[in-house]
Amino acid sequence: MDGTIVAIWMLRLLFLAGLYAFLWAVVRVLLRDLRAAALEPGAELGRLLVLESPGGEPEVGAGFSLDAVTTLGRDVNATILLDDEFVSTMHAALTYRGRVWYLEDLGSTNGSFVNGSPVEGTAPLAFGDELQFGNVRLRLERPRR
Amino acid sequence: MTGSQPTGVPRGAGLRLPRPRFRPRELGLLAIVATVLAVGSASLAATRALRGEADPAASAGFLADGSGLLSFIGGLLAAHVLLVLSGRRTDQVLLPTVGMLGGISLLLMERLPQSLAGGLGLGRTQLVWLLASVALVGVIGAVVRSDAWLRLYKYSWAAVGVGILLVTFVFGHDVNGQRLTLSVGPVSGQPSELIKILLVVFLAGYLSENRPLLIEESSRVGPLRLPPIPYLAPMIAMWAIALSIVVVQKDLGAALLFFAVFLLLLYIATARVSFVVIGIMALLLGGAFLYQLLPHVRVRVDIWLDPFATASGNGYQVVQALHAFARGGLLGTGLGGGLPTIGGVLPIPALHTDFPFAALGEELGLVGILGILGLYLVVIERGLRIAASAADDFRAILAAGLSLVIGVQAFIIAAGNLKLIPLTGITLPFISYGGSSLLASGVIVGLLIALSDRGRDLPAVAESGPGRVQRMPEHGAR
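Protein chains in written order, with our numbering: chain A, 1 to 145; chain B, 1 to 478.
Worth flagging that the hints you see were computed from the coordinates, not collected in a lab. Be aware that one or more of the hints could be misleading.
Said to hold, decoys possible - Cβ-Cβ distance ranges computed for the label pairs, FRET-style:
hint, chain 1, residue 1, chain 2, residue 2, range
1, A, 45, B, 274, 52 to 58 Å
2, A, 39, B, 349, 48 to 54 Å
3, A, 44, B, 74, 40 to 46 Å
4, A, 13, B, 281, 44 to 50 Å
5, A, 99, B, 89, 55 to 61 Å
6, B, 115, A, 6, 32 to 38 Å
7, A, 118, B, 274, 32 to 38 Å
8, B, 232, A, 13, 51 to 57 Å
9, A, 120, B, 284, 40 to 46 Å
10, B, 454, A, 52, 22 to 28 Å
11, B, 18, A, 39, 24 to 30 Å
12, A, 3, B, 167, 58 to 64 Å
13, B, 31, A, 13, 17 to 23 Å
14, B, 31, A, 30, 16 to 22 Å
Ideal placement from N, C-alpha and C gives every residue a C-beta, glycine not left out.
Could you build the full structure based on these sequences and the hints that come with them?
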């Protein structure tokens, strides 16, 4: 009889220990995942993904890591060079202030568009928004972590 | 150029089978789950043998051969294989965690009186729902690739949710004084389980669309910064819906859950503490008002303040739950060692739906329930992690919201069982008995796994569609 009780106690403790062993294994996976994420260069504030670019510069599918101030245009001094005949030399600027991205049109000839609506002056952006300058379409994405 | 795709044709539209991608971590964790559950099953069987339980007839054979547990583990493996075949780089932790919770639920339901559920008996009915739930996790995690169908129709989803709510108001029937259950022919279910998913989808769509405006502009009232007035309307509507659920359905749990998830998502989207403070104040104000107005709210709060005043009346459930926790102590009485029945009825009324946490506290003790709470924390961590690495706001808020639904729901019912907050009758995700709850939780975890995909081309935002139309801008004269 005593043997049974000891066995049952063992089983009970084993079950609880197993529960925590599982949690331990999970936490190890989670920690590895978090460490890997922490090692990645995480300074970027957002990304621009090229959806459409008839001129071939930038390439479709390319992703740009964004600084707090990013200029776009045909000018070689622009942070991101857009080689498209409908894009002005200094077309637009993306700025990051107070955890929000803003798009500012720098007086371009053909205008800047967010999700199909033209931007006058400065407009706040959400991650996932689609931007269009001339024939170039880009999507603002959250920084990769 | 080479990379360009014809728009309008979804990528991979052809029936190309993806290359399987093995998931060693998931398999390893599932192996631990299977081992632990086998030990639990043996512990349960041994305890029952010792107690010489002539046994709730049906379950004896069911348990002895362990077929229930085996088929559950088989279901988990099937879901694992499905995810491997889908070839996606998705989360490998959620399925085992859910499997552990479901397995514990199975062990608990097998030891309760089987007559609580007609037909197959409690344990087997729960097994069927658990298998269905795990199947949903696997299928949704493997198949759902685009979120456009959720994103584009957010107002339609919200309308469906409100519609279901109204239908339940009108046609639902009352169970235990709460109007929660809706029957269509032979099928009955609790629609609020579905509504909570629709709510998160709508909030993710709404908040991601208006996030910049919500952060940027604000109207000041004294020291408080309120959201801009036009954007307040949906929030006030949200508050009103939560309160009306309390009034009409008498469902405090769902109201609390909806409102808490709403506030959390609002905070996640805007990082404004003031919104949360205002929300909590509005909730307390509404709560105080309803306390004066509605007797069923008053009863709940009075029980919470002093259950022992009515220990054999209204407070019976809560008092019995506290006794169960006390009996459990640090290590518990062991699976199957809890108080089975008092005079043929459950020691705690509605134990299998509303008080599984108390039953687990009795059998596994403080150590055991802390472990179980840890499992829910893992779900939340994964959800927030998936949110942090999401490519856009919609996916981020959706992932955070889905995992918080599970986490907040577990917290509300666990805290209610422990008399930390007034008791509200909602289910403990993946553990409580009940089909609607298990299926809804399965959908949530399946979506989380689908959202965790980190493949290159997969987070495809709707490239064309009614919600986010992009037109070619009209070019200037030259």
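Going through the hints against the structure:
1. For the pair residue 45(A) and residue 274(B), the supplied restraint of 52 to 58 Å is violated, since their beta-carbon distance comes to about 24 Å.
2. Distance hint for residue 39(A) and residue 349(B): a CB-CB separation of about 53 Å, consistent with the stated range 48 to 54 Å.
3. Checking the proposed 40 to 46 Å range against residue 44(A) and residue 74(B) shows it holds: the Cβ atoms sit about 44 Å from each other.
4. Against the hinted window of 44 to 50 Å, the Cβ-Cβ separation of residue 13(A) and residue 281(B) comes to about 47 Å, which satisfies the hint.
5. At about 29 Å, the CB distance of residue 99(A) to residue 89(B) disagrees with the hint of 55 to 61 Å.
6. As the Cβ distance of residue 115(B) to residue 6(A) is approximately 34 Å, the hint placing it in 32 to 38 Å holds.
7. Separated by about 33 Å at the C-beta atoms, residue 118(A) and residue 274(B) satisfy the suggested range of 32 to 38 Å.
8. The hinted window of 51 to 57 Å between residue 232(B) and residue 13(A) holds, with their beta carbons roughly 55 Å apart.
9. Between residue 120(A) and residue 284(B) the C-beta distance comes to about 43 Å, which sits within the given range of 40 to 46 Å.
10. The hinted range of 22 to 28 Å is satisfied by residue 454(B) and residue 52(A), whose Cβ atoms lie roughly 24 Å apart.
11. For residue 18(B) and residue 39(A), the Cβ-Cβ distance of about 29 Å falls inside the hinted range of 24 to 30 Å, so the restraint holds.
12. A beta carbon spacing of about 59 Å between residue 3(A) and residue 167(B) agrees with the range 58 to 64 Å that was offered as a hint.
13. Roughly 20 Å separates the CB atoms of residue 31(B) and residue 13(A), a value that falls within the hinted 17 to 23 Å.
14. The supplied range of 16 to 22 Å is met by residue 31(B) and residue 30(A), whose beta-carbon atoms lie about 18 Å from each other.
In this structure, the earlier hints numbered 1, 5 are contradicted, and the remaining ones agree with it.
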